[in-house]
Amino acid sequence: MACKLKFNGQRLPFIWNVSSKVGDSGSCANTFTDVELVSFLLDFTFSKRATSTAGLSRLNIDGRFDVSTAYCIYNFQVSRVEQIALCKNSKVDGIISPARLFDPAKWTIAHLNEILYNADKTGFMELDKNMRLSPQLRLELSKG
1 MACKLKFNGQ RLPFIWNVSS KVGDSGSCAN TFTDVELVSF LLDFTFSKRA TSTAGLSRLN
61 IDGRFDVSTA YCIYNFQVSR VEQIALCKNS KVDGIISPAR LFDPAKWTIA HLNEILYNAD
121 KTGFMELDKN MRLSPQLRLE LSKG
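Mapping of the sequence shown onto our numbering: position 28 corresponds to residue 28, and the numbering continues sequentially without gaps.
These aren't lab readings, by the way, just hints derived from the structure by calculation.
From a predicted model like this one, the values you see are computed outputs, not experimental measurements.
One should not assume that every hint holds.
Below, simulated BS3-like cross-link-like pairs (lysine-lysine); rule was C-alpha separation at most 30 Å, straight line [unchecked claim]:
| id | residue 1 | residue 2 |
| --- | --- | --- |
| 1 | K4 | K21 |
| 2 | K91 | K48 |
| 3 | K143 | K21 |
| 4 | K4 | K121 |
| 5 | K6 | K121 |
| 6 | K143 | K48 |
| 7 | K121 | K91 |
| 8 | K4 | K91 |
| 9 | K48 | K6 |
| 10 | K121 | K143 |
| 11 | K21 | K91 |
| 12 | K21 | K121 |
| 13 | K106 | K6 |
| 14 | K106 | K129 |
| 15 | K4 | K106 |
| 16 | K143 | K106 |
| 17 | K21 | K6 |
| 18 | K143 | K129 |
| 19 | K129 | K4 |
The following label-pair restraints were derived from C-beta to C-beta distances [said to hold, decoys possible]:
| id | residue 1 | residue 2 | range |
| --- | --- | --- | --- |
| 20 | K121 | S19 | 34 to 42 Å |
| 21 | V67 | P13 | 30 to 38 Å |
| 22 | N60 | F7 | 13 to 21 Å |
| 23 | A29 | G144 | 29 to 37 Å |
| 24 | D93 | T122 | 18 to 26 Å |
| 25 | N60 | G123 | 17 to 25 Å |
| 26 | N8 | N60 | 12 to 20 Å |
| 27 | K121 | D93 | 16 to 24 Å |
Beta carbons: idealized from backbone N, C-alpha and C, even for Gly.
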């Protein structure tokens, strides 16, 4: 269940967080709303950056984990490998884990949130009202 994770005294007032791992591994639950949130954040990020997704069109924001989502997670982590290297607990593994504190160098989900916040503060703050998201995800996000 995706959720809003609040932080005090950080660069962001909160992040939109996943409840369990999303990625191409047997250890990843890939729950519907977690995958939908990750897909939305990745799609936004790649639509706003010069980082190539090797000709992929926009991601489907449908809650289903597929090869395009897996590729974009891995591609995003590789594109920020220098930042990841600054934090010894982080690695390029193709998995987005739930953040436990705000640290974009450690948590991929926090970095994706930071990109959305910096590019579109209103869109970030009102993500739980975004009509591109399913009613189920909007409801989960609004509970925070």
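Results of checking the hints against the structure:
1. K4 x K21: Satisfied, since the Cα-Cα distance of roughly 16 Å is no more than 30 Å.
2. K91 x K48: Holds, at roughly 24 Å.
3. K143 x K21: holds, 20 Å
4. K4 x K121: holds, 15 Å
5. K6 x K121: holds, 16 Å
6. K143 x K48: Holds, because 28 Å separates the two Cα atoms, which is no more than 30 Å.
7. K121 x K91: holds, 28 Å
8. K4 x K91: Distance of about 24 Å is within 30 Å: holds.
9. K48 x K6: holds, 25 Å
10. K121 x K143: Given pair K121, K143 holds - Cα atoms ~20 Å apart, limit 30 Å.
11. K21 x K91: Measuring from Cα to Cα gives roughly 14 Å; hence the hint holds.
12. K21 x K121: holds, 26 Å
13. K106 x K6: holds, 17 Å
14. K106 x K129: holds, 28 Å
15. K4 x K106: holds, 18 Å
16. K143 x K106: Measuring from Cα to Cα gives roughly 25 Å; hence the hint holds.
17. K21 x K6: holds, 19 Å
18. K143 x K129: holds, 12 Å
19. K129 x K4: The hint holds at about 13 Å.
20. K121 x S19: 34 to 42 Å: With Cβ atoms ~25 Å apart, the hint is violated.
21. V67 x P13: 30 to 38 Å: holds, 34 Å
22. N60 x F7: 13 to 21 Å: violated, 30 Å
23. A29 x G144: 29 to 37 Å: 20 Å Cβ-Cβ, so the 29 to 37 Å window is violated.
24. D93 x T122: 18 to 26 Å: Given a distance of about 33 Å, which is not inside 18 to 26 Å, the answer is violated.
25. N60 x G123: 17 to 25 Å: holds, 19 Å
26. N8 x N60: 12 to 20 Å: Given a distance of about 35 Å, which is not inside 12 to 20 Å, the answer is violated.
27. K121 x D93: 16 to 24 Å: violated, 30 Å
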